[in-house]
Amino acid sequence: MKTRKKIGSIHDFFKQCPKTRLQHTTAIKKITGITDLSYFEGSVIFGTARLGREIHSILRRNEIEIMGFSDNDKRKWGRRIDGLKVTPPSNLQSEQKIIIASKSFHEILSQLRVAGHKNVFPHYVLTVLYPRTFPNPTFQIDAAGLIRERKNIMNAYCKLEDEHSKSVFLSLLKFRVSLTPFDLPKPTGEPYFPDGFWSLSDTETYVDAGAYDGDTLKQFITHKGAKFKRYYAIEPDQLNYKKLLKNIPRRYSRKITPLQLGLGAKKGSVPFASCGKIDSSVRNEGKDTVEITTLDELCRGEEVSTIKMDVEGYESEAISGAKNTIKKHKPKLALSAYHYPRHLWQLQLQIMSIRKDYRFYLRHHGLGIDGTILYAI
4 MKTRKKIGSI HDFFKQCPKT RLQHTTAIKK ITGITDLSYF EGSVIFGTAR
54 LGREIHSILR RNEIEIMGFS DNDKRKWGRR IDGLKVTPPS NLQSEQKIII
104 ASKSFHEILS QLRVAGHKNV FPHYVLTVLY PRTFPNPTFQ IDAAGLIRER
154 KNIMNAYCKL EDEHSKSVFL SLLKFRVSLT PFDLPKPTGE PYFPDGFWSL
204 SDTETYVDAG AYDGDTLKQF ITHKGAKFKR YYAIEPDQLN YKKLLKNIPR
254 RYSRKITPLQ LGLGAKKGSV PFASCGKIDS SVRNEGKDTV EITTLDELCR
304 GEEVSTIKMD VEGYESEAIS GAKNTIKKHK PKLALSAYHY PRHLWQLQLQ
354 IMSIRKDYRF YLRHHGLGID GTILYAI
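Numbering of the sequence shown is given in the numbering used here, commencing with residue 4 and proceeding in unit increments.
Honestly, the hints are just simulated from the structure, not real lab data.
Some hints here could point you the wrong way.
[Claimed, not checked] Derived BS3-like pairs: lysine-lysine, alpha-carbon spacing no greater than 27 Å straight-line:
| hint | residue 1 | residue 2 |
| --- | --- | --- |
| 1 | K359 | K326 |
| 2 | K359 | K333 |
| 3 | K79 | K121 |
| 4 | K32 | K18 |
| 5 | K106 | K245 |
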């Protein structure tokens, strides 16, 4: 899938952007050849994890039969998953229709293209064309949604501090319309520790919301060693939290405060989908519950200097609960801005509504849609 014209500015983008959902989906179908769901009859799903199995289940409920699965994991070749055989990628026919059901859609698409496959469709194409059938919050927006948000998008874009940030922002918008991974910005730098504009003091009080297994903590220690005041490592998922505890360096343990809870707009408890992986998250359909507090309450009386948030789409609520801290201390902020399409501009506008003197930078650190981080200093 290719964009029809070169888009050089955000004004060009909105001029060329389809104005209605029908215009957008018609253009996608014309480029891809997709007519309706029956088009995928007899296709192969590339990816055998949760996403691939969910897509198979949805297609089966809609009476669309899939030929099988494929996967790069050799251990799965020849096995049957949900009744379907897993085939090595090298055995796929060149004209075979393939649905990529993986976060690594960019790499897999490149792999299949090199192998001569032409009928390859990243999973999010299904979400944009059939949002009710294939719900996925990360991709649930179309061109018409961007048109409706034009004023907010322009406001956020114009307040970005440098051309690199604006280029990342525009590339992400283009991707939402073209749906081609090759429109995504190229990843640069180290997540949460970018070059050029970001620096940490030797007296940091660092709040890591979404600490996972201590991956950001490890980066932090690499950069700072013992030169920091306090580090709050906040992780609600029980399995992740156990991994986090094991990964806290003993020599720095007095300065590091691990907490098994979540951050939100108010204290309480919320349903939570716990999976022991990086994408555990607050979800209405979650079978577990987690305790939630506000950052303002947690760090009352402390001068927080940096806040990092990667809380799987709960960033806006967590920011609301940090409003007083942001207003009083103006901590540096590093916020994941990719879990929902609108977070690309909404999180920035939310911070601007709390304090107007922040400078904003946007960087993209991943090959796919994941890894877009909004920095505020």
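Hint check results:
1. K359 with K326: holds (13 Å)
2. K359 with K333: holds (10 Å)
3. K79 with K121: holds (24 Å)
4. K32 with K18: holds (21 Å)
5. K106 with K245: holds (25 Å)
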